[in-house]
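Novice: Quick mapping for you: the protein sequence lines, in order, are chains A and B.
Residues 505 to 876 in my numbering are what the first sequence lists, from first letter to last.
Residues 177 to 459 in my numbering are what the second sequence lists, from first letter to last.
Just so you know, the hints here were simulated from the structure itself, not pulled from any lab data.
Model, not experiment: these values are computed from the prediction.
Backbone N, C-alpha and C fix where the C-beta goes; we use that ideal spot for every residue, glycine too.
Accuracy of the hints is not assured; some may be wrong.
Just a few of them, taken from the derived set where beta-carbon distance is under 10 Å, the chain B residues facing chain A [to be verified]:
| no. | residue |
| --- | --- |
| 1 | 329 |
| 2 | 365 |
| 3 | 369 |
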Amino acid sequence: MKTFLRIGFIVLLATACAKNTEPELVPVYKPTPDTLEIPYGFPTRLNIPDDNPLTKEGIDLGRLLFYDGRLAGRASEGKFMSCFTCHIQENGFVIGKPRPFPVGLDGQPTRHAMLPLVNLVWNEGTYGWNGSVKSIEDDVLAVITDPTEFGSSFLAVEKAIREIPGYPVLFEKAFGTKEVTVERIAKAIAQFVRTMVSSNSKFDKYLRGELQLTQSELNGFVLFTTEEGADCFHCHGGSGNPLFTTNLFYNNGKDSTFAGESDRYSVTGNATEKGNYKASTLRNIELTAPYMHDGRFNTLDEVIDFYAHELVWTPYIDPLMHHIATGGNQLVPSEKEDLKAFLMTLTDTSFIQNPAFGKPVSFPGEKTMILK
Amino acid sequence: MNQVNTLWFQVPFPFKQIIFWSVSWLVSLLFVTACEKKTSEPPDTSETRITIRFEHRIDGQKLQYDTLLYVNEAGNPYMVNEIQYFISDVILYPHNKGPVTINEWKDIHYIDTDLPTTLRWDVYDQITAGQYDSVGFHFGIAESENISFMYPNPPERDMFWPEYLGGGYHYMKLNGKWLPEGQSIQTLPFDFHMGIGQIYDSVGAITGYVHNDFPVILKSSQFEIMPGETKEIAIVMNIENWFKDPNIYNHDLYGGYIMQNQTAMQKAKENGHNVFTFAETKN
C-alpha cells in the first residue's frame, strides 16, 4: 500500500503540469525555417500554407525536383520531364515557343498557353488561367497525371524518386522522414516556386528612385495608366500594384463565341464570366510569349495592335473594356512604341539570371542516371 | 510550534502515515488544478455596439446585377455589374452632445459588391447608449488620408488611382453598361470612377488637381441604442441618384470613362449628396 501510494504521488507530481497532448515525434533533422523579404510596395500578405512553411531544406529539395527530368517517373521509357522542361528561367519561366508547344511526354499539346512562374506567393488561391487550381501543391499533383504533361502516375513518380540514391535523405532533412510521397514532392516544389520573386526590373528601380525612365518609357507609363490612353492598369496593376496583375478574370474582347471554353465560367457557372480569363502578370512580358490564354499572339506588337483596333464586342465583355466603343484604344504608331517601351521596363534580368532559381549544378544519383 | 511538534509525536504511527499521505495527495492535486487551462470569461453582454450594413438599390428596390433593367433620368437604359468604394470617418451625432467619430483600428472602410464580407461592418468601438440625431460619413477618402501605397494588399490595393492622375485611391468604381441611343442590343461599358480630378491646360498638360471626396449627412438617420444592444443600421446607396439630382447625367454624353473628365466627376460629386440614405434594422 505504501509503495503504491508513493508511486501514485510521484506520477501525479510528474504529470501535474504536462500538456494534455500526444508526445511529438522528434525528427532526426529539423528543417531550418526560411522567410521571404517583401520588396518595396509589394503585398504584405503571403500565401504560404500553414502545413507547408518555407524551410531552407524544403526549398533546396524543391529546386532539385523542379529541375530533375526523372521526376515524371518515366525514365525507364527514356522519357524525361520536369517543371523545367516547360518553365525555363531565361524565358521568364515559360517555354518561350509558339503554340502548339508545350507538348506532354506523349506528344499532346497542353490545353492553354503557359503562365509564368513568378511572384506566385502573392496569388491568393486562384492559379491558372481560370483560377480552378487552389494551390501550387495541387498544380504539381495535377501535372503528374495530366496526359498533356507527365502522363504519369503518383506511384511511378514516388518510386522513381525513392529509388534515386540521395533523395530519401533530402526528404528526411526537409520533412523529417525518408518516405517519398507525391504530397511531399509537391510541397517541396511549391516551396521553391514561392521563393521565385521578381522585384528588380527597371520599373521597380524607377519606383524606388534609383533611376529615371526614358521619355518614351514615361510616355508609355502614362498611356498604361490612363483611361484616355491604353488603360491597362485597371486589370494589370501599376505603381500601386507592382505584381502587374490583379489575379482576377476578365473577358477582354478576343472572341465572339465561347463554346467549349475552359474559362472562368467553367469553374463558377456564373454566365457573366463567359470568356473570362486571368489577367496575366506583365512582369517579364517581353520574355513570356506567346500571349493570351491560347497563345494566339506571338509578339508584343500583335498584342498592342489587338487592344488598339481588334476588340470584339459580345454581351460578356468586361465593363472595364470601355474602349470597345471604338473597337480598341486607337493608339497611333508612336504611342504603340511608347507603350511597348514601357512594357519592356518590366523585364527583370536579375530574376532570370538569379542562380538561386537556376538549374542546380548536380543532382542526387546523377552518376547512375542520364539527365535531360 | 513546539506544541505542534509535541502533538505530532503523540499521534500513533498508522495515523501519521494516513495524515502524511493525505496531505501529500492534496498538495499534488493542487498542482494539477493550478496548471489547468483557464476557461475564457463569459462575454460581456453589457457592450453596446453598432453594425453597419451596406445596401445598394435602384428606384427603391434591391439592385439586380448584370441585367439591363433600369433607365436613368436621361433615358439611358443601363445595368450595374459591380460597385467598389470607400467611405471614411463615420460620425454619430448623439442627441444634445458633440459628434463621435468611429475610429476603430482603421477609419476607412472598403465596400465591394463582389465581396459579401465587406457589406457588413461590425464596428469595433463601443458606442454610448442613448438617442442619436443623425449619422454622417465621408464619401471616398479625405485628401489628408488618401495616401498612395497605403494599401499593399487586395482588394483595397486594386483601387489605386494612378500617380499621374493625382495618386491615392479611387473613391469609387461603379462599373456597368448602358444602351446608347439608337442601339437595340449592343450595350457599351461605362466606368463611373471617382477620385482625384485633374485640371488641364490648353495643350493637355495637367496643371492642378481637384479632390472630389465629400461629406455626407444621412437624412432622417436618428436612432436609439439601448445599453448592451448591438444596433444594426444600414447605409443605402440609391444608385439612380448618381445620375439624377441636381445634374442629369447622360451616358451618351459622358461616354464610358470619366477619370480624366473633371466636369463629369464634378457633376457626379454634386449628385452624390443625395445618393445615400439611412435605414434601421430591427434586431
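Novice: A separate judgement is required for each hint: does it hold in the structure or not?
Specialist: Do the hints match the structure? See the list:
1. Given the 10 Å rule on beta carbons, the hint for residue 329 (chain B) holds: about 5 Å separates it from the nearest Cβ of chain A.
2. A least Cβ separation of about 4 Å between residue 365 (chain B) and chain A falls short of the 10 Å threshold, and the interface hint therefore holds.
3. Nearest Cβ of chain A to the Cβ of residue 369 (chain B): about 8 Å, under the 10 Å cut. The hint holds.
Violated hints for the displayed structure: none, as all numbered hints are satisfied.
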